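Novice: Listed here are the chains, written in short residue letters.
There are 2 protein chains.
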Amino acid sequence: MTQAQTANPTAAILIIGNEILSGRTQDANVQFIAQRLAALGIKLEEVRVVPDVPERIIRAVNELRASYKLLFTTGGIGPTHDDITSECIAAAFGVPWELNEETDREMKQVMGERYNAARQRMAMMPRGAAPIRNEASIAPGFSIANVYVMAGVPRIMQAMMKALEPVLPRGTPIQMRAVHGFGVVEGGIAAGLAAIQARYPELDLGSYPFKKDGVWGVALVAKGTDLPAIEAAIREATDLIAAQGAQPIQGEPAA
Amino acid sequence: MTQAQTANPTAAILIIGNEILSGRTQDANVQFIAQRLAALGIKLEEVRVVPDVPERIIRAVNELRASYKLLFTTGGIGPTHDDITSECIAAAFGVPWELNEETDREMKQVMGERYNAARQRMAMMPRGAAPIRNEASIAPGFSIANVYVMAGVPRIMQAMMKALEPVLPRGTPIQMRAVHGFGVVEGGIAAGLAAIQARYPELDLGSYPFKKDGVWGVALVAKGTDLPAIEAAIREATDLIAAQGAQPIQGEPAA
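Chains as they are written, first to last, in my numbering: chain P, 121 to 375; chain X, 121 to 375.
Incorrect hints may have been included.
Identical copies carry no separate label here, and so any pair may be met within one copy or between two of them.
[What the hints assert, rightly or not] Here are the simulated lysine-lysine pairs, DSS-like style, with alpha carbons at most 30 Å apart: (1) K189 x K228; (2) K332 x K282; (3) K228 x K282; (4) K331 x K189; (5) K189 x K282; (6) K332 x K189; (7) K332 x K228; (8) K228 x K331; (9) K282 x K331.
Note that these hints are calculated values from the structure, not bench results.
As the structure is a prediction and not an experimental result, all values here were calculated from the model.
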């Protein structure tokens, strides 16, 4: 790992998600957040999914906010009985859960008579939290200390990430390059690939089997903050694929 | 939560996955495993994604195998330098990492001259592990105590799950029913939904906004082990949607 990468801020994602654990829903938030964080030079180091159970949420929030520089949560901030993230964050911080006056005023103004008791729950926040206003939803997310609390609905979460990006700490952007080949198998290139990794210890060199149009292949991916090193490693990986008698194709196999 | 659900075996999934944390790959394994476990009456209680770093893998394995009855891992059991799951599991259990003679013999027999040093790594297992033979790959997964170690490539993982199912402990299958309506918003039904949840404390009643063909709606989902109760709760949820002036549609909105 390069010094730049080591110095990059670290982050975790906590998904509050019965619907993920039951298999009802395919998570669509991790990849989006991961890609945005990589672009900002923030190193995503852990993802957890926990059920909508207060003590589980509180414990995970406290473990993850202590272990990483930034914690992003998704899910559980709507108006229904199963939306308990906000009060759990207050409990995790040991602060009162109370009406955020500013948000209350803004939501009332926009929603008028539709602003009922259920909707007012979405204006409740841990004391000291700051709303995350966004383009997709009248009800905001919020941040408190190093914890960023976002919606679970992908398009609302994405709008909240967009609103957050200007205020997040940044590091050296993490870049990736890839080369792939059909008919290549990991067992055939493992030794050569380990040798390349040894020559570029500052990079993460990964090997990923894929199947496309019924044919197996392997994608080799170099990741890090030093683009010239990444490109040099990919040139060597390209030669490794060619040496197997396969045609090296730059980039990832299209999905 | 019903007694049956409480008595159901618990499980966690640990994904060893730099490629998930970097945003390169969309996880495709959690939903599959979650759905299979629900059908077997196994309660998935946590998912974690950690990087390909030995101490992180070892710590997560030890925390999760102690906290849940079953632990399923995916990823990191191939032949390349970044495949370190198997030796990490040995370290987590404090047992030697050694050649599984049976697997070594079988792989040699099938692969013949292609059975090189890199491939032989896939026959290495923690002492005491039992191979998970499967239809998709010559190299097996393995189980040790309550930990089931599977591949990250979805079709190989799926074959390993299929091979495992007959030997996993079972509980009361967890069932789900849903009803949805377009034009319904959570803020309008929150109070009514909370009242239904209060009448069916043994069920998990969830509310999930969706957008389809440009129109927002809400899906109401009842989950538990008692199918008559689930169906009764969904009838009440159907009435709740109708009372909003929307057309209740049984089931989930098609993706």
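Novice: How would you classify K228 and K282 at a CA-CA limit of 30 Å: within, between, both, or neither?
Specialist: within (24 Å within a copy, 53 Å between copies)
Novice: At 30 Å max between alpha carbons, let me know whether K282 reaches K331 within a copy, between copies, both or neither.
Specialist: Only across copies: K282 and K331 sit 20 Å apart there, 34 Å inside one copy, limit 30 Å.
Novice: Is the C-alpha distance from K332 to K228 at most 30 Å within one copy, between copies, in both cases, or in neither?
Specialist: between (52 Å within a copy, 27 Å between copies)
Novice: Check K189 against K282 for me: Cα-Cα at most 30 Å, and say if that holds within a copy, between copies, both or neither.
Specialist: within (19 Å within a copy, 40 Å between copies)
Novice: Between copies, within a copy, both or neither: which fits K228 and K331 at Cα up to 30 Å?
Specialist: Answer is between; shortest inter-copy Cα gap is 24 Å, intra-copy 53 Å.
Novice: Between the shortest in-copy and the shortest cross-copy C-alpha distance, which are at most 30 Å for K332 and K282: within, between, both, or neither?
Specialist: between (33 Å within a copy, 23 Å between copies)
Novice: Can you tell me if K331 and K189 fall within 30 Å by alpha carbon in one copy, between copies, both or neither?
Specialist: Result: close neither inside a copy nor across copies, 37 Å intra and 34 Å inter.
Novice: From the Cα coordinates, with 30 Å as the cut-off, is the pair K332 and K189 best called within, between, both, or neither?
Specialist: Classified as neither; 39 Å inside a copy, 36 Å across copies.
Novice: Between K189 and K228, at a C-alpha cutoff of 30 Å, which is it: within one copy, between copies, both, or neither?
Specialist: neither (34 Å within a copy, 48 Å between copies)
When each numbered hint is compared with the structure, violations occur for hints 1, 4 and 6.
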